[in-house]
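Using the UniProt record's numbering, the letters of the sequence shown map in sequence onto residues 1 to 217.
Any given hint might turn out to be false.
Derived pair list, reagent style DSS-like, types lysine-lysine, alpha-carbon separation capped at 27 Å [as the list claims (entries may be wrong)]:
no., residue 1, residue 2
1, Lys40, Lys58
2, Lys40, Lys19
3, Lys58, Lys19
What the hints contain is simulated information worked out from the structure, not anything from laboratory work.
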Amino acid sequence: MFSHDRIWAAIDALAARNKLSASGLARRAGLDPTTFNRSKRSAGDGRPRWPSTESIAKVIEATGSSIEEFTTLMAGRGAVDAATQARRASVGVPLLGFAQAGGGGYFDDAGYPVGQGWDEIQLPARADETTYALEVSGQSMLPLYRDGDIVIVAPGASVRRGDRVVVRTRDGEVMAKVLQRQTARTVELASVNPDYPDRHFRVDEIEWMARILWASQ
């Protein structure tokens, strides 16, 4: 009987063997890209979550592997080289255009990426499983971000005054701003482009707010 840790380690090893991140492996198999995220491997109360037999079957088929090969990985044989590859490889994170981000089906209620419409971008450094990327369109974020720049967003990171953030309102508007002030009732956002006005919202008008870690220009 294989343990919870060994099964998840086998999935990670299968991804690394195919030069994929865990999200890239899920996407190749036609699954939600967050299916194998580390945050999905245990419940909120700490109980282990097991991958479904259907999802395992799909990744085995999508990578041209066999159940025997997967069993070998669960036993820990052949996983060392895969783990080494994983450390050396770049990390794939979901990528979406700002123009698409206002539509439905791309984020859950907390602002984490879900759904099938995401592309993928490779980052040179190790990223959290929930990190994703947005491609800037238009000129509204000058001079910080130009059209075509990629901003890396971490929905799980804490947000403080002065941080650059991506905000989605309950009306579906998505914007990149600087958090100027946040109280129990209001959120004040400063525009990065002086040609655009600062924005003030009631807290209940904001669906989610996530910190921008850095930008690839």
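Checked hints:
1. At roughly 18 Å between alpha-carbon atoms, Lys40 and Lys58 fall within 27 Å of each other, so this suggested pair holds.
2. For the given pair, Lys40 sits about 21 Å from Lys19 by alpha-carbon distance, which is consistent with the 27 Å threshold.
3. A distance of roughly 17 Å separates the Cα atoms of Lys58 and Lys19; the hinted pair therefore holds under the 27 Å criterion.
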